[in-house]
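Here's the letter readout for the chains.
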Amino acid sequence: MSERVVVVGAGMVGHRFVDELVRGDREERFAITLVGEEEYEPYNRILLSEVLAGRADLRALTLPLPAAERVDFRRGVSAVGIDRDAGEVLLGDGSRTPYERLVLATGARAFVPPLDGLESEPRHVHVLRTLDDCRNVAARAINAKHAVVLGGGLLGLEAACGLRRRGVPVTVIDLDSHLMATQLDGGPARVLAGRLRALGVDVLTGVSVAEAISAYDELVAVRLIDGRVLAADLMLVSCGVRANTALAAGAGLTVDRGIVVDDALTTADSRIHAIGDCAQPPSGMTGLLAPGWAQASQLAATLLGREPLEPTEAAERPEPITLKAAGVDLVTMGVRPSRAAADDRVLTVSDPDAGRHVDLVLREGALVGVTVLGFPEVSPALTLAYDRQTPVPLDPLSLLVTGGGGAVEESPSPMRMPGTTTVCRCNGVTKKQIVSAWEDGARNVDAVAANTRATTGCGGCREVVCGLVDWLNASDPAESVSTAVTERNTPVETTT
Amino acid sequence: MTDTHCPYCALQCAMTLTPSVEEGVSVAPRQFPTNRGGLCQKGWTSAAVLRAPDRITTPLVRSAQGVLEEATWEEALAYVAARVRSLQAEHGPDSIGVFGGGGLTNEKAYQLGKFTRTVLRTKHIDYNGRFCMSSAAAAGNRAFGIDRGMPFPVSDVDATGAVLLLGSNVADTMPPFVQHLAGVRERGGLIVVDPRRSATAALTDEAGLHLQPLPGTDQVLLLGLLHLVVAQGLADEEYLAARVHGWDEVIRSAALWWPGRVATTTGVPEASLRRAVEVLAAAAPSRGGRGAMILTGRGAEQHTGGTDTVTAAINLALALGLPGRAASGYGCLTGQGNGQGGREHGQKADQLPGYRLIEDPAARAHVAGVWGVSPESLPGKGVPAVELLGKLGGEVKALFVHGANVLVSAPDATAVRRRLESLDLLVVCDFVPSETARLADVVLPVTQWAEEEGTMTSLEGRILRRRRAIDPPGQARSELAILRDLAAALGSDVHFDTEPALVFDELARASAGGVADYSGLSHALLDATERPLHWPAPAGSSGTPRLFATRFAHADGKARMVPVSPGAPADDLRAEAPVYLVTGRVLAQYQSGAQTRRVEALNDVAPAPYVELHPHLARRHAIEDGDDVAVTSARGTAVARARITGTIRPDTVFMPFHWPGDGMANAVTNDATDPVSGMPEFKVCAVSVARADLLEVTA
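Sequence order for the protein chains is G and E.
Here the first sequence stands for residues 1 to 496, numbered as in our numbering.
Here the second sequence stands for residues 1 to 699, numbered as in our numbering.
These are computed hints drawn from the structure, not numbers from a lab.
Any given hint could be a false lead.
As the list claims (entries may be wrong) - 20 Å max Cα-Cα, derived DMTMM-like pairs, lysine to aspartate or glutamate: (1) E:LYS391 / E:ASP350; (2) G:LYS432 / E:GLU600; (3) G:LYS432 / E:ASP604.
Bear in mind the structure is a predicted one, so any value in this text is a computation, not a measurement.
All chains should be built: construct the whole structure from the sequences, respecting the hints.
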């Protein structure tokens, strides 16, 4: 008799957990039920802002379906209760699903602060958490004249850029003194704000919305706490998330900010686990995807009776956070300068006029913090250097040189080229050999080719050989042969 | 004057040989669609190997004192036969192993497989093509139902609008091929993926794109490109619906590889990813372009996930509707001269001639019929090369090596040496005393390219004639004669022809009806026509230059897309080994160097191994250009001169693999293999670097 595992939540973490459990369960020990509240097939929530921005087709978000023969996937059904005594999950359609093991991956929902004027639930106030949210915001964007994004965090900024791309004037409002205060210091945040303004996204910090003003149940404006009123016919609330804990709380499980679990991701009921955004393990809640995936892997390994992999050094390193928006390239990870230890080395390059800013934090020679804004050509390399802890150059600033410091050498003119320069790579022919061939009477490219084999491989050096022959032919024919070779192989300094 | 083709790589440049006193023959390039009258320095100097000073011209047998001494053919073959008999009597037929090569002619490769299955009756045969083509072969078979490196003639490359070239440094490995890239370079359509700005990557300098990913992340890169194709609605949905299975699953497999994540995993900027997709899609015929191609080489394939990486490349090609369209498709650039033919006629552990599966009863019956043996007498499937080498000294007590120098070319060389030394019998057929031959109990001298007749199948699946210009020196003999004589000495009554044209005729019959069908071909036909003859060439056909125009080779005519998911290298970065080693070839040397290291002109250009590293890494370790650098992995250390260059990633070092001794790259590489293809992970392992003198002080 197989063990019945019920997973509540078909988001990215629940999906990953089911995938890993099915992959590892070759003996088919588990009968798996996956309960998903949304009507849709599992999708990549991370990319909703890309869809909003019109940069990604919905199709690109769809995740692999759980294997139908292994997983009973209940789509569009919510779990409304847990009967722990009977070992059953109560579903919104009135049915009950028995479990021997229950995994809660209920995720989180967008937090909407209790603003005046929202009690009446006016239209055109949105959050961006689900595919339906995304569709609603996109639909409203067609007619919106001015959008307000409440919350200058990662998602809020991505959404603001997305709306702007759709042609909607946007104002981002954040109570903190600067944008992305959870991740960024003031310096880079100010450069970021400048960058956003350049894209046409207005940024107001140190202020918040006090009231949503509506007429005929439709949002028309927002009043700020400083009294200003902004016309707004679309408000996107992006003020962080709250874990979905009601199901667990209703079943009498311990709930704090999330569902409280131990290091093994188990609640006080040894048959019930929680992973992802809804879970509150001793290490804390991050709201990020990678730790949620790591929990999914860990729990799957535990259920499969495997030793969960020791958390690697990399897994314990704070994950890079990337802002996905056309025209803004921001990645930040690890220690930021304001939180650096006394012995840390902090390097900052700030170029606000060009919308660029880089902070590097090094601890004992290792890269422990990176913020890079407006350098799309080096940000992936910096992220890799941090993430994989590859050797840092003695001068860490050289990390900012495009192409990893490899200057492309200019091909010198025939005259200035040293004699030992290989002209024909295919046949290993040097300038010196070509000069010799010319001295021996080879006065055109074909004759040089016959003599030296230069140009007879890929033919790519034909132009250079041509140039050499022309230069040689143009030089004084009366010149003595014996001295010509040495002289011509000496780099000639030209005067200007 | 004899028209033939170069002894080295799979481009098989055409050349004309004229007998000459000094070098045996003089070489002149010949106009041909692949090389267009070009030759690289290896080809120009290829005659030097004919008269290599240490050329083996008599059989050698190791004496009681442990020295290789000259022997007569009768003595040598009788000794080998006696040892084989006694080992098989004691340990069974599978105690003998055979290791073949992708440089052997079709005739030799065929005969070696036949000898193994009918005389030795061992299942243990595989070949060095496992190190070369196996991942692309496995992926090609899986997707298309057929594995022909390039399913179109090389000349199609001239016409295409975009080429995505992954892990292939053609400018060094097959220079005349670069001529075919001229058009696409001019059109700004060349995209090269390589952790180094190789000579090939540098071809993109003026127009084009060089993507320089972290080693081991090609598959992520390809999934990222596929994601963008889906996200931007650039897929050829009509083609996919009509000609492909599995598109929906493959779309989903790319859902987690959005551009930002791909950029930070591979190190390739997002803008470059987007640009690459733009270029490829614009060139796709379905969008009115002149054609687009995706080509892979060993850099993408020699990984534990190599088959899946090629599959990802094929998926991308199919998504854009390329395979089977004009000047479009997926192709693999074969490495060895007969890497293509060598894998079609029975050297592979699981195959019989004609690319037939040895476990398929119908295939066994057909081939056994041609060989005049009972199907039941044929052994079953053996194991891939690395696994075979792992059995040496254990289950496998004796090894025959043909056209390979495993001591230098196989991964984890120190372990390979130990295993070769533990054999009861090592028989090496070679024309020079390669590093492997020097370990042998018996060395049998064989003919080389200008001294023999036969056929080779080039990277475009075209069957070419190799022709004899001069007589072999001393007592050197063709493997065809050796295998016949060994069969007789072992008391077999199976018939072995020694005339290459007759062997080819038999091969053609054995391949008839198989995937790689040669039954419509003969030496006489190949000699009589200038027409390019590509397989499949069943009797009565005139060959197949282009595959897939109307159908793929699976029974239902459709291609199969298979979702893949990338993994990490088997030997990944860690604090003690914080940089990656990648290996590859240089222009003036070839493979294990057994041939090219015997050519003075080539040694003048490429005299010794080296370690290419970035100035950042060099400075951190106080390494100056020319210093001896020790590159150390969990398996071993190689020491070679530093070449400091900004053209390589700072987290990666490169070593060419042509040399034995202290600088032997394969002492460092990993023998972990791809679970599907058996391909070892030559192309990425974690290493530390240090200045060699400092290492000795601290050691």
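Exercise. Identify every previously stated hint that the structure contradicts and give their numbers, smallest first.
Key: Structure breaks no hint.
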